[in-house]
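Trainee: As a plain string of letters, each chain reads:
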Amino acid sequence: GENVEQHPSTLSVQEGDSAVIKCTYSDSASNYFPWYKQELGKRPQLIIDIRSNVGEKKDQRIAVTLNKTAKHFSLHITETQPEDSAVYFCAASWNTGNQFYFGTGTSLTVIP
Amino acid sequence: DAGITQSPRHKVTETGTPVTLRCHQTENHRYMYWYRQDPGHGLRLIHYSYGVKDTDKGEVSDGYSVSRSKTEDFLLTLESATSSQTSVYFCAISRLAGGETGELFFGEGSRLTVL
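From first to last, the protein sequence lines stand for chains L and E.
Just add 6 to the spot in the first sequence (first one is 1) and you have the numbering used here.
Just add 743 to the spot in the second sequence (first one is 1) and you have the numbering used here.
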């Protein structure tokens with residue numbers, strides 16, 4: 007099965023700085039890579055996703071990059087704000103199985 | 744909220760007792776999933792379903808069984824609960840997008856404590 011590794015497990019940044027979270031995957035068949043944000047006591051919610059036919063995708067302050075050759079993808083948050091503080095999960099999936107495998111999460115703290 | 748409801752939301756039980764968690768959806772999605780969330784392990788897939796009576800195991804299926812007799816309901820059963828099954832359980836549905844894998848949408852979670 008797929009194996010998704012996520013780093014770092016914790017990340018602290020000053021408000022206004024950028025944050026980068028990295029994930030690697032093992033199965034070259036994976037072709038869909040979503041990122042989820044989970045606030046304390048809440049459900050994970052999708053913030054951005056990317057498919058294997060795209061190298062980069064942006065949505066305001068959030069961007070995701072994908073390197074299929076190296077099998078890694080990254081989440082970039084610019085101009086961080088205190089409300090960005092949460093746990094972020096990456097995941098990998100592929101069409102035929104429609105199974106999602108998650109990284110172990112990154113706890114991001116934005117210091118005002 | 745994709746019309747997903749989980750019940751119960753909180754449960755405390757004793758070791759050796761059976762427990763059933765229910766996931767109900769109102770949007771007729773084909774794929775449904777059960778995940779457990781534990782500190783340091785992220786979200787791990789227990790079982791998933793790709794249609795009525797069609798289910799398959801995930802990465803941590805030992806000690807769990809599932810059933811899907813109707814499109815809208817996906818049940819997770821712990822036949823004999825153990826303390827290692829203390830966790831937060833999330834049900835999810837997959838919104839296919841044009842036939843491709845789509846957004847995984849989660850329910851609010853069920854917190855289970857096994858004493």
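Read the hints as simulated data drawn from the structure, not as lab findings.
Just so you know, even glycine gets a beta-carbon here, dropped at the ideal spot from N, CA and C.
Be careful, since some hints might not be right.
[Unchecked claim] Which residues of chain L face chain E? A few of them, derived with a C-beta cut under 8 Å, are:
no., residue
1, Arg49
2, His78
3, Tyr107
[As the list claims (entries may be wrong)] Calculated cross-link-like contacts (lysine-lysine; reagent style BS3-like; alpha-carbon spacing at most 27 Å):
no., chain 1, residue 1, chain 2, residue 2
4, L, Lys43, L, Lys64
5, L, Lys28, L, Lys77
6, L, Lys74, L, Lys63
7, E, Lys796, L, Lys77
8, L, Lys28, L, Lys48
9, L, Lys63, L, Lys28
10, L, Lys64, E, Lys800
11, E, Lys800, L, Lys43
12, L, Lys43, E, Lys754
13, L, Lys77, E, Lys813
14, L, Lys74, L, Lys48
15, E, Lys800, E, Lys813
16, L, Lys43, L, Lys77
17, L, Lys63, L, Lys48
18, E, Lys754, E, Lys800
Trainee: Decide, hint by hint, whether the structure agrees.
Mentor: Okay, the hints, checked on the actual structure:
| no. | hint | in the structure |
| --- | --- | --- |
| 1 | Arg49 | 4 Å, holds |
| 2 | His78 | 17 Å, violated |
| 3 | Tyr107 | 7 Å, holds |
| 4 | Lys43(L) to Lys64(L) | 16 Å, holds |
| 5 | Lys28(L) to Lys77(L) | 11 Å, holds |
| 6 | Lys74(L) to Lys63(L) | 14 Å, holds |
| 7 | Lys796(E) to Lys77(L) | 35 Å, violated |
| 8 | Lys28(L) to Lys48(L) | 23 Å, holds |
| 9 | Lys63(L) to Lys28(L) | 15 Å, holds |
| 10 | Lys64(L) to Lys800(E) | 34 Å, violated |
| 11 | Lys800(E) to Lys43(L) | 26 Å, holds |
| 12 | Lys43(L) to Lys754(E) | 25 Å, holds |
| 13 | Lys77(L) to Lys813(E) | 38 Å, violated |
| 14 | Lys74(L) to Lys48(L) | 32 Å, violated |
| 15 | Lys800(E) to Lys813(E) | 19 Å, holds |
| 16 | Lys43(L) to Lys77(L) | 22 Å, holds |
| 17 | Lys63(L) to Lys48(L) | 26 Å, holds |
| 18 | Lys754(E) to Lys800(E) | 24 Å, holds |
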